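K.L.:
Letter by letter, the chains look like this.
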Amino acid sequence: GAGVSQSPRYKVAKRGQDVALRCDPISGHVSLFWYQQALGQGPEFLTYFQNEAQLDKSGLPSDRFFAERPEGSVSTLKIQRTQQEDSAVYLCASSLDPDTQYFGPGTRLTVL
Amino acid sequence: AQKVTQAQTEISVVEKEDVTLDCVYETRDTTYYLFWYKQPPSGELVFLIRRNSFDEQNEISGRYSWNFQKSTSSFNFTITASQVVDSAVYFCALSDGITRDNYGQNFVFGPGTRLSVLP
Numbered sequence: 658g659a660g661v662s663q664s665p666r667y668k669v670a671k672r673g674q675d676v677a678l679r680c681d682p683i684s685g686h687v688s689l690f691w692y693q694q695a696l697g698q699g700p701e702f703l704t705y706f707q708n709e710a711q712l713d714k715s716g717l718p719s720d721r722f723f724a725e726r727p728e729g730s731v732s733t734l735k736i737q738r739t740q741q742e743d744s745a746v747y748l749c750a751s752s753l754d755p756d757t758q759y760f761g762p763g764t765r766l767t768v769l
Numbered sequence: 015a016q017k018v019t020q021a022q023t024e025i026s027v028v029e030k031e032d033v034t035l036d037c038v039y040e041t042r043d044t045t046y047y048l049f050w051y052k053q054p055p056s057g058e059l060v061f062l063i064r065r066n067s068f069d070e071q072n073e074i075s076g077r078y079s080w081n082f083q084k085s086t087s088s089f090n091f092t093i094t095a096s097q098v099v100d101s102a103v104y105f106c107a108l109s110d111g112i113t114r115d116n117y118g119q120n121f122v123f124g125p126g127t128r129l130s131v132l133p
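Residue numbers (the working numbering), protein chains in the order written: chain A, 658 to 769; chain B, 15 to 133.
Taking lysine-lysine and the DSS-like style, the derived pairs with C-alpha atoms no more than 27 Å apart in a straight line are:
# : chain 1 : residue 1 : chain 2 : residue 2
1 : A       : K671      : A       : K714
2 : A       : K714      : A       : K668
3 : B       : K52       : B       : K30
4 : B       : K17       : B       : K84
5 : B       : K84       : B       : K52
6 : B       : K52       : A       : K668
7 : B       : K17       : A       : K714
8 : A       : K714      : B       : K52
9 : A       : K714      : A       : K735
Since the hints were derived computationally from the structure, they do not count as laboratory data.
Given the structure is predicted, the values throughout are model-derived calculations rather than measurements.
Work out the full structure: start from the sequences and follow the hints.
P.N.:
This is the structure in structure tokens:
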């Protein structure tokens with residue numbers, strides 16, 4: 658009866674490294690969202706998938722950010738050449754109901 | 015453009031006090047949804063409530079109650095007889111209700127209010 662799960666929960670990267678963050682949505686949820694939450698702030702939208710289709714990526718801050726969901730279930734958010742400003746908690750949410758999203762515990766990324 | 019304002023950055027109360035968290039929103043849409051989420055120290059956002067723009071009836075769930083007033087664009091959240099376990103960051107969020115293929119769309123979150131309930 659799992660909720661949304663994310664891994665790893667914590668990631669430390671050296672500046673310039675690539676990282677990959679994984680999200681396992683609730684089974685059967687068609688929609689999947691990624692958010693970035695900086696310290697002390699609310700989550701900010703990054704990108705949205707409906708099944709395997711990425712319908713909105715307007716929130717991705719740069720071309721170093723890339724997300725995929727190839728089989729319409731698990732999703733991966735990849736950040737290339739990480740920078741210090743990428744340090745944040747990355748939240749994944751899934752949805753079946755048109756307007757209620759269920760969030761995972763997040764991945765805290767620290768870029769040194 | 016959509017915007018959510020939570021003017022209270024931090025609130026501290028003593029256990030058993032009542033506390034109200036304010037939320038003011040801006041949207042040009044006539045159809046929209048409002049949400050409250052709780053984020054405890056563990057980090058996971060916990061869904062509390064969803065209201066649509068056509069239903070201004072206030073709602074009570076246990077110690078929680080919500081006051082939706084369209085006239086003032088507010089959706090305030092009250093915790094009655096607060097408990098230490100209520101300590102968390104609370105986020106108000108807005109979605110415009112114009113769903114993409116009926117499967118959801120992105121939210122706009124407020125900055126959050128950190129509630130500390132002291133024993």
